[in-house]
Amino acid sequence: MITFKGLVAGYGRAGDILRGVDFAVAEGSITCIVGPNGAGKSTVLKTCSGLLRPRKGQILLGSQDIGGLTPAAILRLGVVQVPQHHGLFPTLTVRENVQLGAYVNRRQRERNRARYEEIAQIFPLIAERANDRAASLSGGQRRTVEFARALMLNPGVVLLDEPSLGLDPKACRQLASSVKALNQQGVTVLIVEQNVRFGLSMADNGVVLEGGRVLHTSGAAELLADPDMGALFFGGTTRETQP
Amino acid sequence: MTELVQTLVFGVLVGGVYSLVASGMNLVFGVMKVVNLAQGAMLILSAYLTYSLWKAVDLDPLLLVLVTAPSMYVVGWATYYLFIERARTTDPAMALVTTFGLALITKGIMALLWGNDQHAVTPAYANRSFTLGSLHFPQAQLYACLVAVAILAGLYALLRYTWLGQSVQAAASSSDGARLIGIEVRKVRAAAFALGVAAAGAGGALLSVLYPFTPSSTDHWIGLMLSIIVLGGMGSLPGSVLGAVLIALAESLTAAYIAPDWATAVPYLVIILVLLARPQGLMGIRLREDMSRA
Numbered sequence: 001m002i003t004f005k006g007l008v009a010g011y012g013r014a015g016d017i018l019r020g021v022d023f024a025v026a027e028g029s030i031t032c033i034v035g036p037n038g039a040g041k042s043t044v045l046k047t048c049s050g051l052l053r054p055r056k057g058q059i060l061l062g063s064q065d066i067g068g069l070t071p072a073a074i075l076r077l078g079v080v081q082v083p084q085h086h087g088l089f090p091t092l093t094v095r096e097n098v099q100l101g102a103y104v105n106r107r108q109r110e111r112n113r114a115r116y117e118e119i120a121q122i123f124p125l126i127a128e129r130a131n132d133r134a135a136s137l138s139g140g141q142r143r144t145v146e147f148a149r150a151l152m153l154n155p156g157v158v159l160l161d162e163p164s165l166g167l168d169p170k171a172c173r174q175l176a177s178s179v180k181a182l183n184q185q186g187v188t189v190l191i192v193e194q195n196v197r198f199g200l201s202m203a204d205n206g207v208v209l210e211g212g213r214v215l216h217t218s219g220a221a222e223l224l225a226d227p228d229m230g231a232l233f234f235g236g237t238t239r240e241t242q243p
Numbered sequence: 001m002t003e004l005v006q007t008l009v010f011g012v013l014v015g016g017v018y019s020l021v022a023s024g025m026n027l028v029f030g031v032m033k034v035v036n037l038a039q040g041a042m043l044i045l046s047a048y049l050t051y052s053l054w055k056a057v058d059l060d061p062l063l064l065v066l067v068t069a070p071s072m073y074v075v076g077w078a079t080y081y082l083f084i085e086r087a088r089t090t091d092p093a094m095a096l097v098t099t100f101g102l103a104l105i106t107k108g109i110m111a112l113l114w115g116n117d118q119h120a121v122t123p124a125y126a127n128r129s130f131t132l133g134s135l136h137f138p139q140a141q142l143y144a145c146l147v148a149v150a151i152l153a154g155l156y157a158l159l160r161y162t163w164l165g166q167s168v169q170a171a172a173s174s175s176d177g178a179r180l181i182g183i184e185v186r187k188v189r190a191a192a193f194a195l196g197v198a199a200a201g202a203g204g205a206l207l208s209v210l211y212p213f214t215p216s217s218t219d220h221w222i223g224l225m226l227s228i229i230v231l232g233g234m235g236s237l238p239g240s241v242l243g244a245v246l247i248a249l250a251e252s253l254t255a256a257y258i259a260p261d262w263a264t265a266v267p268y269l270v271i272i273l274v275l276l277a278r279p280q281g282l283m284g285i286r287l288r289e290d291m292s293r294a
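Chains as they are written, first to last, in the UniProt record's numbering: chain W, 1 to 243; chain H, 1 to 294.
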């Protein structure tokens, strides 16, 4: 279980992007954060993975507050983020990119070797393109490699930032089945997604973020059926936030 | 025919040393996109260190690489934390200006400590050659090239096959991407910058045996290094080697077949022609997106 309590965060000297975010991600669930541009969706993930230090509030992983820990410390606790852009290292091969997923446990050579073999079996692309540079992969293939790399640590929580970005419908379907397969193994998934229908269709629960605050939380199916969602994502704000 | 082969041999030997000299600068650029204009000054500083140590302990100057490279690693590490890190986070252009300033300061310090007179390190083998048939292999160039190749091979293996090397490449590609897999990017950048300066430290020891130097030699060497890495591909270590050998060959061939006075100019003409066809340099990497934009 991850619980965000009164989370406030922002960049540099600029104002707060998150202005008191409260919600919980149930263990073993898929939760999708949706909201308009600038709502703070990706910022939630960055504070959770340690890229950004919260200004106030807590991020509880079970009972441990992980807010403000380094990314390496958070990885060791089993929380892994797949970033929105530039997740792969183009000068390295596919194999090296995937193996770097175990960087924080780099001294456990045998374990890492065995885990890589397991992952190469799950994702045939990894075995097929193992020695090719990541620079030569298509957008969908890169997403697969990023996803595979995130699994090197056997994480308990995976954070996915805009996973459908730049993918064609077929690649999106493959991605959705990979996310569901991962979740069936007991991994908790927190997704930020601009493509609302795609994101919520994969998820159990939905969180609507607007202006750095949680506007609404409910089951994903309910959110998809909510007419207010259209108002929020195709212009304007919901009735609740109108003056 | 013999003259041509002899010219090529000489070009390759010099190219080996040029490769090492340029690789450090290319490593720093590759990792943090900072053109370290102080790299030439670091190179000549190392040449002066070699000179002073050689005078003091009378060891083979090429062996002094074992002292100058680690010493310059420490200098590079301190320089990164004291100056470069702050400058590059403020503005990338500030880092360029900072390294230019560091080059001027280092040049001034060298002039104060060693004067502006020409210095050279001249071990007993400086003017000897091995002969194979009708070909001559100058001993100093041969030994220096072998040492340079050994160091470059070690550097390549470090970058290619170790966790440190892969973390350096990861941090070079994407800072946030590297942090998200647990790489401490700040430490990796400091290590990469220090490694780059250490390569200049090793290169300085080698060039002190091959060429006379003054504090002003920094200008010639920084120009040469920039040319090599632009030709080979900015950020590519194998590109540095290729660029260095091609420039050294072009210099040798020009000096032998056109005129020694043209030896500096012709390689630059070659660079312009190559860059017209391959703007990313001979071994620079272009991503699929880059190609689709072209």
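In case anyone wonders, no lab produced these hints; they're calculated from the structure.
It is possible that some hints are incorrect.
Unchecked claim - Computed, partial: chain W to chain H, Cβ under 8 Å:
no. : residue
1   : Ser49
2   : Leu51
3   : Arg53
4   : Gly62
5   : Gly68
6   : Leu69
7   : Ala72
8   : Gly78
9   : Gln81
10  : His86
11  : Thr91
12  : Leu92
13  : Tyr116
Unchecked claim - FRET-style restraints, in silico, Cβ to Cβ:
no. : chain 1 : residue 1 : chain 2 : residue 2 : range
14  : W       : His86     : H       : Phe100    : 49 to 59 Å
15  : W       : Ser63     : H       : Tyr81     : 47 to 57 Å
16  : W       : Lys180    : H       : Thr90     : 27 to 37 Å
17  : H       : Ala157    : W       : Gln185    : 36 to 46 Å
18  : H       : Ala157    : W       : Lys170    : 14 to 24 Å
19  : W       : Pro227    : H       : Thr89     : 25 to 35 Å
20  : H       : Ala111    : W       : Gly15     : 44 to 54 Å
21  : W       : His86     : H       : Val149    : 28 to 38 Å
22  : H       : His220    : W       : His86     : 52 to 62 Å
Beta carbons are placed, not taken as given, at the ideal position from N, Cα and C, and that holds for glycine.
Notebook entry, point to check: Which numbered conditions among the earlier hints are violated in the structure presented, ordered from lowest to highest?
Noted result: 3, 4, 5, 6, 8, 13, 14, 15, 16, 18, 19, 22
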